[in-house]
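Please model the entire structure based on the sequences and the hints provided.
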Amino acid sequence: MRRYKVALSLLLFTFALVLLNAQEKSTSSVNEPAAYMVVYRTPAHVRISSPEVFHGFATDLWSFLREKNIALKVDPERGTIETESTMSVESMLNIARQVGATSLLFVAVDRPMTKWIKVTVKSYDLGGKLLWSEEASDMGSMTGKGGYKKTLERLQTSLAKRLGGPGLPVALQEAIAPRPAQEAKP
Amino acid sequence: MNHWFRGLVLFALLGSAVAQSSVNFVTLTKGTSIKLRMAQTLTSKHAYVGERVELMVAEDVNVGDALLVPKDTRVLGTVHVGKAKEGDKNNPHQVVIQIDYIRLGDRRIPLSGKHSDKGKVDKGKVVATTILFGLSGLLLAMDARTGQINEGAEVDAIVAEDVALPALGPATKVAEETEVPPTTR
Chain S
1 MRRYKVALSL
11 LLFTFALVLL
21 NAQEKSTSSV
31 NEPAAYMVVY
41 RTPAHVRISS
51 PEVFHGFATD
61 LWSFLREKNI
71 ALKVDPERGT
81 IETESTMSVE
91 SMLNIARQVG
101 ATSLLFVAVD
111 RPMTKWIKVT
121 VKSYDLGGKL
131 LWSEEASDMG
141 SMTGKGGYKK
151 TLERLQTSLA
161 KRLGGPGLPV
171 ALQEAIAPRP
181 AQEAKP
Chain X
1 MNHWFRGLVL
11 FALLGSAVAQ
21 SSVNFVTLTK
31 GTSIKLRMAQ
41 TLTSKHAYVG
51 ERVELMVAED
61 VNVGDALLVP
71 KDTRVLGTVH
81 VGKAKEGDKN
91 NPHQVVIQID
101 YIRLGDRRIP
111 LSGKHSDKGK
121 VDKGKVVATT
131 ILFGLSGLLL
141 AMDARTGQIN
151 EGAEVDAIVA
161 EDVALPALGP
171 ATKVAEETEV
181 PPTTR
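Top line first, the protein sequences correspond to chains S and X. Heads up: the first sequence runs through residues 1 to 186, numbered per my numbering. Heads up: the second sequence runs through residues 1 to 185, numbered per my numbering.
Worth flagging that the hints you see were computed from the coordinates, not collected in a lab. Mixed in with the good hints, there may be bad ones.
[Claimed, not checked] Computed list of chain X residues with no C-beta within reach of chain S, every gap over 10 Å: (1) T29; (2) S33; (3) L42; (4) T43; (5) A66; (6) L67; (7) R74; (8) S116; (9) D117; (10) G124; (11) L139; (12) R145; (13) E151; (14) E161.
[Claimed, not checked] Mimicking DSSO-like on lysine-lysine, the simulated pairs with C-alpha atoms at most 30 Å apart in a straight line are: (15) X/K89 to S/K115; (16) X/K30 to X/K173; (17) S/K122 to X/K173; (18) S/K115 to X/K173; (19) X/K89 to S/K145.
Glycine included, each C-beta is placed from N, C-alpha and C at the ideal position.
The following block contains the structure:
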């Protein structure tokens with residue numbers, strides 16, 4: 001009788017392990033809300049400004065969002081996409097889905113003739129619906145550096161009201177991930 | 001009594017083994033052709049050597065009765081011929097990409113293949129600028145060529161090495177071409 005009990009316990013233990021394993025697999029596929037950031041450099045910015053300004057703005061925006069504990073999905077292949085090439089929203093959403101994000105944060109860095117810098121941030125859900133859009137620019141500053149600073153401050157102010165809302169979810173874990181190396185090679 | 005005990009232990013071990021090994025692995029063999037499509041537009045004005053390129057699988061990849069790689073799975077490539085570095089103002093008039101791998105979950109399936117585009121000369125523009133500006137107009141028009149690979153363009157690649165992949169489901173049927181009956185005259 002005692003052997004029966006031991007065997008039965010062993011059997012139950014094994015099945016419990018199998019069930020736990022299956023549950024772990026199913027829960028790991030459920031995504032925590034996180035945004036995937038893609039930064040695009042417009043042809044006008046390519047013509048007039050420099051890649052350093054473009055990448056600098058992307059870094060500053062990333063740092064601001066992470067300081068505010070916003071969940072940003074790190075792409076294991078590329079960090080964040082920072083590109084001069086055009087890509088449709090559908091293609092960006094496809095990548096966002098595959099890295100496990102729940103929304104797309106599309107940032108366009110432009111350099112119109114009359115402004116030092118103009119930045120547009122658009123947030124999309126995975127169905128392709130535009131959740132919101134924010135824009136910041138500066139033309140009054142004496143230098144490009146000043147224009148950059150003012151634009152970043154204006155954008156931070158307008159994004160502050162969106163923090164924790166749709167498209168900019170707060171990270172469930174407190175740890176602040178460092179900004180991934182951009183364009184990690186295979 | 002002893003037999004019962006052994007039987008139960010054996011049953012438990014078998015049960016767990018079956019549960020663990022229920023995933024069916026199928027080999028995607030080296031040389032298998034994969035149809036891809038561009039997920040971004042690349043031009044020789046902007047693309048620089050070493051820049052990552054986004055593509056996606058154009059059709060489900062099936063082996064036997066198993067679906068191994070679903071359509072729209074992410075594929076990564078690299079610019080092979082383009083500007084020397086980011087920020088260069090020159091236009092090499094040609095862009096060549098090298099296909100690197102499919103990113104399926106946490107896995108990389110190595111691919112090989114290249115795709116290129118040499119900028120085309122706009123004949124009308126060449127004639128017009130040559131008439132207007134002579135030889136310098138001709139040179140200017142020839143220099144305006146831009147190699148461009150558009151988003152959605154079809155790209156072919158082949159699997160670079162044998163890879164065992166878990167079957168994601170039953171094979172999907174590719175839409176058969178409908179036969180058009182010959183017209184009678």
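Self-check item: Indices of hints not satisfied (ascending)
Solution: 3, 4, 7, 13, 17, 18
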